[in-house]
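A.B. asks: Now for the letters of each chain:
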Amino acid sequence: MNFVSDLFRNIGIWFHTWLSGFLPSWAVLLIDYVLGGIILLVGILVAVLFVIWVERKVVSRLQDRLGPNRVGPWGLFQAVADVLKLLTKELTTPDGAEKISFNLAPLLVVFPTIMILAVIPWSQNIIGSDLNIGVLYIVALGSIGVMATLMAGWSSNNKYALLGGFRVVAQLLSYEIPMVLAMLSVVLLGGTMSMQGLVEAQGGGFLNLPYWRVFVIPLGFLVYFISALAEMERTPFDLLEADSEIVAGFFIEYSGMKFAWFFLASYINTVLLSAIATTTFLGGWQGPFVQRAPVLGIFYFAAKTLLVIVFIFWIRGTFPRFRIDQLMGFAWKVLVPLALIVLLLVAVVVKLPVSPLVQQAILFVSNIAVLLAALGLLGRRLRVATERQRLGGRI
Amino acid sequence: MLLQILFIVFSIAVLGLAILTVTVRNMFHASLTLVGSLFGVAALYILLEAEFLAVVQVMVYVGAIATLIIFAIMLSRNIMRSDIRSANDQWIEGLVAAVLLFIVLGLVVSRTGWQTVSAAAPADAIPAIGSALVGEYVIPFEVASVLLLVGMVGAIIIARERER
Numbered sequence: 001m002n003f004v005s006d007l008f009r010n011i012g013i014w015f016h017t018w019l020s021g022f023l024p025s026w027a028v029l030l031i032d033y034v035l036g037g038i039i040l041l042v043g044i045l046v047a048v049l050f051v052i053w054v055e056r057k058v059v060s061r062l063q064d065r066l067g068p069n070r071v072g073p074w075g076l077f078q079a080v081a082d083v084l085k086l087l088t089k090e091l092t093t094p095d096g097a098e099k100i101s102f103n104l105a106p107l108l109v110v111f112p113t114i115m116i117l118a119v120i121p122w123s124q125n126i127i128g129s130d131l132n133i134g135v136l137y138i139v140a141l142g143s144i145g146v147m148a149t150l151m152a153g154w155s156s157n158n159k160y161a162l163l164g165g166f167r168v169v170a171q172l173l174s175y176e177i178p179m180v181l182a183m184l185s186v187v188l189l190g191g192t193m194s195m196q197g198l199v200e201a202q203g204g205g206f207l208n209l210p211y212w213r214v215f216v217i218p219l220g221f222l223v224y225f226i227s228a229l230a231e232m233e234r235t236p237f238d239l240l241e242a243d244s245e246i247v248a249g250f251f252i253e254y255s256g257m258k259f260a261w262f263f264l265a266s267y268i269n270t271v272l273l274s275a276i277a278t279t280t281f282l283g284g285w286q287g288p289f290v291q292r293a294p295v296l297g298i299f300y301f302a303a304k305t306l307l308v309i310v311f312i313f314w315i316r317g318t319f320p321r322f323r324i325d326q327l328m329g330f331a332w333k334v335l336v337p338l339a340l341i342v343l344l345l346v347a348v349v350v351k352l353p354v355s356p357l358v359q360q361a362i363l364f365v366s367n368i369a370v371l372l373a374a375l376g377l378l379g380r381r382l383r384v385a386t387e388r389q390r391l392g393g394r395i
Numbered sequence: 001m002l003l004q005i006l007f008i009v010f011s012i013a014v015l016g017l018a019i020l021t022v023t024v025r026n027m028f029h030a031s032l033t034l035v036g037s038l039f040g041v042a043a044l045y046i047l048l049e050a051e052f053l054a055v056v057q058v059m060v061y062v063g064a065i066a067t068l069i070i071f072a073i074m075l076s077r078n079i080m081r082s083d084i085r086s087a088n089d090q091w092i093e094g095l096v097a098a099v100l101l102f103i104v105l106g107l108v109v110s111r112t113g114w115q116t117v118s119a120a121a122p123a124d125a126i127p128a129i130g131s132a133l134v135g136e137y138v139i140p141f142e143v144a145s146v147l148l149l150v151g152m153v154g155a156i157i158i159a160r161e162r163e164r
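Sequence lines, in order, name chains A and B. Per this note's numbering, the first sequence runs over residues 1 to 395. Per this note's numbering, the second sequence runs over residues 1 to 164.
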């Protein structure tokens, strides 16, 4: 029973001691790291295949149709069929394209997303590398992906790709700021930048539930979730890659396997940003009885991440998309002030000389108050703008 | 031993990519090698156990400054032709200035008494950096913030649409 209660860690320890029996310690370390990397990589690829199937099913049910149901049971192997099709397509290169960056851009888009995998805490003892600057590492890698999409858009020698590339960069850079500020509020509450430390700070209390940051700073979670939707370029922020708008935006000229890399990067980004939302706001692997049986942690983590992902697909099937100027205005005029207010509230309340439970109650109440005030202000502006439009002006 | 090998590899990467940056004909490839060189500097910071500085280097230099350089190159079309020579007629004067600068830098580096500490780096440097920024070094911190704000406001004013 004790072996099962921390199953994966005990398997790892048994494997390590078995290897140390007949290999020098540097070889054991090397094999440990290489095997860990391979497991993470294969795991995320299988998860992406599953998430693609979940997306197609959820969106199709929301649109009152069945979705893929031919290839494999319930259409589970549809993604495999898609990959086989993409493998057989010709890799075209447009005339006049900048060859080095045209071929380098798909790689540079995928690598930062895979590198973020190393710092996500899957369970209490399962983490690639518990950096003490985990949150900063994630933000830095996000900024590399921005440069790669710019290269992809420009090196295609195509005006629409260039336009799409510039708009994508503007959107990604604008929405990175509220996202980072929301994560910073969680870092202030947790007192550490290490991802494992942030999850451990959300433990304790009744069934390990009450200290989850979503119950402490719900406005922060809302700001982070909306910014993450924009960072993944998902509806309602997918103006730049929707087929009816700009025909795939900055990766118009990519075909076959190079397109598959952009597709893969988009889905890995979705899974990872949901995992980061789970880690920072929803309590990561915390849940009932996780101290007695740490193996439950990975199930709680997977369940929460899947919940966030299905919610994102639900939003995709429901809302229309924003125009580019509405998008940018929303980021700079609404999300950044809200994120700054949350940061200010957290910074002030954390230093008050009251017990942590009272601090959390104050934060929760003030978050709801600020959210209602912001909704009231936005509602009033919307009413004024609708009146103006009705009388012949423009919104 | 392993650290020595890593240091040599990363130094060769930084210096080699930097040399490529100034000799490559195509400006866009030059900016890509510059990005590689900056990554190499971040790797050297990690070897020195300054992880915070390494991540900030990637975030600021690669994520912001290199992106802006690439933007500037992309928006000016005639830099991209590869028949533009990367050297002009004053290369002898440039060579003399570079050799003199090298001699001055070499003398300064070799004659400074570099103080080394024998204690190990603190395991968690971030609280120390944080309290130093708002404690001992608060005036440079605030002055840098005001400088960035002035730059941002100036850029917005210059790029604003003219109100009719």
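FYI, nobody ran anything at the bench for these hints, they're computed from the structure. Built from N, CA and C at the ideal position, the CB exists for glycine as well. Heads up, a few of these hints could be off.
[To be verified] One-sided and incomplete, this derived list gives chain A residues near chain B with beta-carbon spacing under 8 Å:
hint	residue
1	N132
2	M193
3	V365
A.B. asks: Run every hint past the structure and note whether it holds.
C.D. replies: Right, here's what the structure says about each hint:
{"no.": "1", "hint": "N132", "in the structure": "holds (5 Å)"}
{"no.": "2", "hint": "M193", "in the structure": "holds (6 Å)"}
{"no.": "3", "hint": "V365", "in the structure": "violated (28 Å)"}
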